[in-house]
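J.: Let the hints inform the model, and build the full structure from the sequences given.
If you read the protein sequences in the order shown, they are chains A and B.
Take the first sequence: its position 102, counted from the start at 1, is 102 in my numbering, and no numbers get skipped.
Take the second sequence: its position 309, counted from the start at 1, is 731 in my numbering, and no numbers get skipped.
Note that these hints are calculated values from the structure, not bench results.
One or more of the hints may lead you astray.
[Stated by the list, open to error] Okay, derived cross-link-like pairs now, PhoX-like style, lysine-lysine, Cα gap no bigger than 20 Å in a straight line:
(1) A:Lys418 to B:Lys507
(2) B:Lys612 to A:Lys295
(3) B:Lys507 to A:Lys295
[Stated by the list, open to error] Derived, one-sided and incomplete: chain A residues facing chain B with beta-carbon distance under 8 Å:
(4) Ser64
(5) Gly72
(6) Pro130
(7) Asp329
(8) Ser353
Because the structure is a prediction, the values reported are computed rather than measured.
Beta carbons are placed, not taken as given, at the ideal position from N, Cα and C, and that holds for glycine.
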Amino acid sequence: MEMTRTKLAEGVYLTYLPARKFKTSLLSAQFAVPIRQETASAYALLPAVLRRGTVTYPDMGSLSARLDRLYGARIDYTVRKKGENQCVGFVASFIDDSFAPGGEKLLEPVADLLGELICDPATERGRFVPAYFESEKTNLIDAIRSLINDKRDYADSRLLWEMCAGEPYGISRLGSEETAEKLQLRKLYAQYGQLIATSRLELFYSGSADENRVVRALRSAFSTLPRENIQDVAIPQDHPAREEVRTVVEELDVTQGKLGMGFSCGSSDTAALLMGNTLFGGSSNSKLFLNVREKLSLCYYASSLYHRQKGLITVSSGIEFDNYQKAYDEILAQLAAVQNGDLEDWELEGARSTLLNAYASMGDSQGKLENFYLGQAVTGQSETPEDLAAQVRQVTPERIFKAMKTVKLDTVYFLRGKEAAE
Amino acid sequence: MKQSFYERIGESVHREVLPNGLQVCVVPKPEFAKSYAFFATRYGGMDTRFCLDGKWLDTPAGIAHYLEHKMFDTKEGNALQELAKNGAEPNAFTSNAMTGYYFDSTDHFEENLEILLSFVSIPYFTEESVAKEQGIIGQEIRMIEDNPDWQIYTRMMRALYRNSTARTSIAGTVESISHITAETLYDCHKAFYTPSNMVLTVVGDVKPEHIVDTARRILPREGGPVIPRDYGTEPETVAERETSLAMEVSMPQFLTGFKCRPVADGEDYMRMSLIGDMACDILLGDSSPLYLRLYDQGLINTSFGGTFEMMPGVAYLYAGGDSKDSRAVMAEIRKEADRLAREGIDEDFYQRVRRAAFGSNLRGLNSFENIAVSLTEGYFHGYDPFRFPQVFDSITKEDIAAFLRDNITEDRMVLSEIVPKEA
Numbered sequence: 001m002e003m004t005r006t007k008l009a010e011g012v013y014l015t016y017l018p019a020r021k022f023k024t025s026l027l028s029a030q031f032a033v034p035i036r037q038e039t040a041s042a043y044a045l046l047p048a049v050l051r052r053g054t055v056t057y058p059d060m061g062s063l064s065a066r067l068d069r070l071y072g073a074r075i076d077y078t079v080r081k082k083g084e085n086q087c088v089g090f091v092a093s094f095i096d097d098s099f100a101p102g103g104e105k106l107l108e109p110v111a112d113l114l115g116e117l118i119c120d121p122a123t124e125r126g127r128f129v130p131a132y133f134e135s136e137k138t139n140l141i142d143a144i145r146s147l148i149n150d151k152r153d154y155a156d157s158r159l160l161w162e163m164c165a166g167e168p169y170g171i172s173r174l175g176s177e178e179t180a181e182k183l184q185l186r187k188l189y190a191q192y193g194q195l196i197a198t199s200r201l202e203l204f205y206s207g208s209a210d211e212n213r214v215v216r217a218l219r220s221a222f223s224t225l226p227r228e229n230i231q232d233v234a235i236p237q238d239h240p241a242r243e244e245v246r247t248v249v250e251e252l253d254v255t256q257g258k259l260g261m262g263f264s265c266g267s268s269d270t271a272a273l274l275m276g277n278t279l280f281g282g283s284s285n286s287k288l289f290l291n292v293r294e295k296l297s298l299c300y301y302a303s304s305l306y307h308r309q310k311g312l313i314t315v316s317s318g319i320e321f322d323n324y325q326k327a328y329d330e331i332l333a334q335l336a337a338v339q340n341g342d343l344e345d346w347e348l349e350g351a352r353s354t355l356l357n358a359y360a361s362m363g364d365s366q367g368k369l370e371n372f373y374l375g376q377a378v379t380g381q382s383e384t385p386e387d388l389a390a391q392v393r394q395v396t397p398e399r400i401f402k403a404m405k406t407v408k409l410d411t412v413y414f415l416r417g418k419e420a421a422e
Numbered sequence: 423m424k425q426s427f428y429e430r431i432g433e434s435v436h437r438e439v440l441p442n443g444l445q446v447c448v449v450p451k452p453e454f455a456k457s458y459a460f461f462a463t464r465y466g467g468m469d470t471r472f473c474l475d476g477k478w479l480d481t482p483a484g485i486a487h488y489l490e491h492k493m494f495d496t497k498e499g500n501a502l503q504e505l506a507k508n509g510a511e512p513n514a515f516t517s518n519a520m521t522g523y524y525f526d527s528t529d530h531f532e533e534n535l536e537i538l539l540s541f542v543s544i545p546y547f548t549e550e551s552v553a554k555e556q557g558i559i560g561q562e563i564r565m566i567e568d569n570p571d572w573q574i575y576t577r578m579m580r581a582l583y584r585n586s587t588a589r590t591s592i593a594g595t596v597e598s599i600s601h602i603t604a605e606t607l608y609d610c611h612k613a614f615y616t617p618s619n620m621v622l623t624v625v626g627d628v629k630p631e632h633i634v635d636t637a638r639r640i641l642p643r644e645g646g647p648v649i650p651r652d653y654g655t656e657p658e659t660v661a662e663r664e665t666s667l668a669m670e671v672s673m674p675q676f677l678t679g680f681k682c683r684p685v686a687d688g689e690d691y692m693r694m695s696l697i698g699d700m701a702c703d704i705l706l707g708d709s710s711p712l713y714l715r716l717y718d719q720g721l722i723n724t725s726f727g728g729t730f731e732m733m734p735g736v737a738y739l740y741a742g743g744d745s746k747d748s749r750a751v752m753a754e755i756r757k758e759a760d761r762l763a764r765e766g767i768d769e770d771f772y773q774r775v776r777r778a779a780f781g782s783n784l785r786g787l788n789s790f791e792n793i794a795v796s797l798t799e800g801y802f803h804g805y806d807p808f809r810f811p812q813v814f815d816s817i818t819k820e821d822i823a824a825f826l827r828d829n830i831t832e833d834r835m836v837l838s839e840i841v842p843k844e845a
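T.: See below:
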């Protein structure tokens with residue numbers, strides 16, 4: 001797949017991926033800063049406030065009308081964590097010029113709107129419109145609180161926060177309710193000025209326009225972007241080893257228990273860990289799926305996730321409260337099986353094809369490409385999906401066992417029902 | 423095979439009906455790395471009562487979904503693993519009126535397609551393997567019961583419908599699935615997994631003739647009879663006006679549903695579906711005057727949205743999200759519908775929404791899954807979903823106003839709420 005990465009200005013980079021096969025084009029603008037407890041909520045709030053209006057389109061009504069006229073173009077604000085960075089900005093998706101019934105060009109007007117959302121927000125007396133600030137602050141606090149509504153997400157997040165407490169990786173992408181409550185209008189405007197002037201801006205385009213046209217459109221759209229003392233993005237630090245496994249139990253009024261287990265990885269052999277994790281719990285062919293679910297019928301889901309950018313593996317499962325010990329023991333037994341090479345050839349080749357399929361088909365989704373390249377760019381990595389696939393092809397079983405032997409249980413999180421306590 | 427071109431959306435479809443009644447659709451996608459196969463039967467959570475070999479059968483709630491889980495078992499082991507070995511990512515879903523099995527893969531596509539066609543058409547269960555699944559599906563049911571989005575939607579459906587099996591939970595309950603036996607599963611498979619009740623859709627860089635050949639080779643030569651189904655006779659009135667449940671959630675959520683008049687199959691079905699979608703956008707979509715007003719007043723947040731759904735014998739529009747005052751939002755929705763029905767729809771606004779709706783339908787064609795599901799639904803309901811630009815052309819703003827006037831009324835409305843548990 002063709003891909004180029006160009007520096008457009010100080011700390012401004014464009015990742016350009018030409019593609020004619022989609023009905024849409026995707027344009028993304030993301031600011032990346034090291035995530036910190038003190039600023040996470042403020043930066044999470046910013047794109048939501050900016051999305052409320054610009055100088056030309058001062059309210060949601062006029063913005064929506066503009067987007068409707070651009071054949072239902074979408075500009076969504078995003079707040080993501082990539083490694084130990086917080087990435088905030090906008091992702092725009094709009095129909096490819098070749099499908100515009102009137103033959104209109106859509107790249108330029110969408111790029112302009114994106115630039116305006118970032119550089120020319122609607123303001124009142126030199127700060128954000130107070131009503132926009134207040135309502136988005138309320139929405140942010142509601143969003144932080146509402147994490148508990150989806151118990152699976154909630155349990156997965158709680159495990160990470162407990163495991164990485166005190167590390168940037170343990171900070172929520174939205175920050176905490178406490179810091180969100182304290183956000184102030186005047187200060188937020190200053191933080192906005194700082195963010196757009198001093199942090200790395202990653203631009204991304206996928207679609208049928210040629211590179212020169214994209215560069216021209218973006219240079220013009222961001223011509224007033226201030227740039228000074230650009231700060232570096234954060235390169236993730238290793239998770240400090242724990243002497244003793246930490247166990248956290250929480251009770252809520254739920255009918256299903258959630259068992260989460262976090263593991264540290266002491267190896268830097270990424271490709272071997274990718275394979276090891278896929279064998280352990282990363283596919284419907286994995287040890288966890290075949291044993292914890294299919295053989296013992298302990299759960300509907302039990303899977304593992306390799307946090308490539310931080311070097312952790314987390315396991316997520318939903319079980320009956322009483323099956324805690326059974327599931328816990330079985331998950332560890334399956335990890336041991338991978339570590340000891342208790343594997344058949346078909347498992348190994350199945351895991352390899354699962355990963356290769358995922359990398360090969362990434363180019364079929366503009367959203368996946370954007371998310372992948374953003375993660376690579378802000379954690380200082382430059383491999384393409386093809387490079388990762390090539391590495392996976394070369395991994396030997398010995399490397400997998402060696403890397404997986406460094407995987408150690410670190411933190412256990414268990415969510416159970418209130419009745420179960422009695 | 424018959425090939426149709428759709429110039430306005432840049433797609434083409436090859437179609438053929440095999441002698442056994444199977445509909446095959448192939449959508450060529452030359453530049454993509456992956457190919458996607460979707461094999462579906464017209465059988466879902468609402469098909470619990472039907473007539474097989476002259477006898478009416480009542481089957482337990484959740485049986486179509488249970489069958490979906492068990493179809494992956496083969497005499498040799500499990501098809502999920504067979505496909506995963508080739509790097510394919512197989513999965514399946516059961517909706518109210520459809521069960522679909524699918525995978526995508528970048529390698530060994532035809533081999534994977536053979537596995538898919540074979541495991542879906544050849545049932546293999548024993549009493550033990552059926553019993554074992556109780557634990558897994560039991561946990562799936564527990565998981566969704568803890569999910570407020572599922573609770574609020576399911577409870578809204580029960581409030582809207584008195585008799586229609588649209589009110590049946592697709593997964594059933596831990597109790598209802600305990601009555602499922604290998605024998606009933608075989609009966610259901612025999613009735614509904616016959617080629618004449620199924621559609622195979624492939625999207626990707628493939629040769630259409632090869633797909634047809636593979637289907638011919640693997641699937642049974644003959645199709646089965648049409649199975650009469652009983653979805654229950656549904657009155658125009660709602661079953662219950664309000665329903666509320668306390669759960670571990672951070673703030674109150676609500677859904678308001680409107681029981682709409684269903685329409686018969688054919689292009690009218692698709693036309694109604696597009697009218698319902700646009701009516702939803704015009705009434706409460708995120709560029710509508712109502713949405714903007716309620717958002718400014720802090721009565722709704724970005725979680726707010728609505729949609730229009732149709733299934734056999736049933737049509738409904740619903741909307742909701744987080745709100746501290748759901749009743750105020752409901753009253754405003756009703757008032758706005760009345761205003762639009764009375765005053766008509768602003769021409770400029772209508773043209774904008776039409777443009778956006780066209781863009782959104784076009785965007786949907788980026789997703790192979792979405793293409794396959796809509797072609798399948800189109801076949802089951804007798805329309806061609808790729809004709810959406812033409813059908814859009816035939817819709818007027820008077821159609822939308824009439825839809826709102828007929829359906830968004832006080833006596834067709836229900837409220838489903840989830841409120842936080844008292845600490």
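J.: Could you run down the list of hints and mark each one as holding or not?
T.: Here's how the hints hold up against the structure:
1. Between Lys418 of chain A and Lys507 of chain B the CA atoms are separated by roughly 42 Å; this puts the pair beyond 20 Å, and the hint is violated.
2. Taking the CA atoms of Lys612 of chain B and Lys295 of chain A, the gap is about 28 Å. The hint is violated against a cut of 20 Å.
3. At roughly 18 Å between alpha-carbon atoms, Lys507 of chain B and Lys295 of chain A fall within 20 Å of each other, so this suggested pair holds.
4. Because the smallest distance between the Cβ of Ser64 of chain A and any Cβ of chain B comes to about 3 Å, under 8 Å, the interface hint for this residue holds.
5. Hint on Gly72 of chain A holds. Least Cβ distance to chain B is approximately 3 Å, under the 8 Å limit.
6. The closest approach between the C-beta of Pro130 of chain A and any C-beta of chain B is roughly 13 Å, which is over the 8 Å cut-off, so the hint fails.
7. Residue-level restraint check for Asp329 of chain A is violated (minimum Cβ-Cβ distance to chain B is 17 Å; threshold 8 Å).
8. Nearest Cβ of chain B to the Cβ of Ser353 of chain A: about 3 Å, under the 8 Å cut. The hint holds.
Hint compliance for this structure: hints 1, 2, 6 and 7 are not met, and every other hint is.
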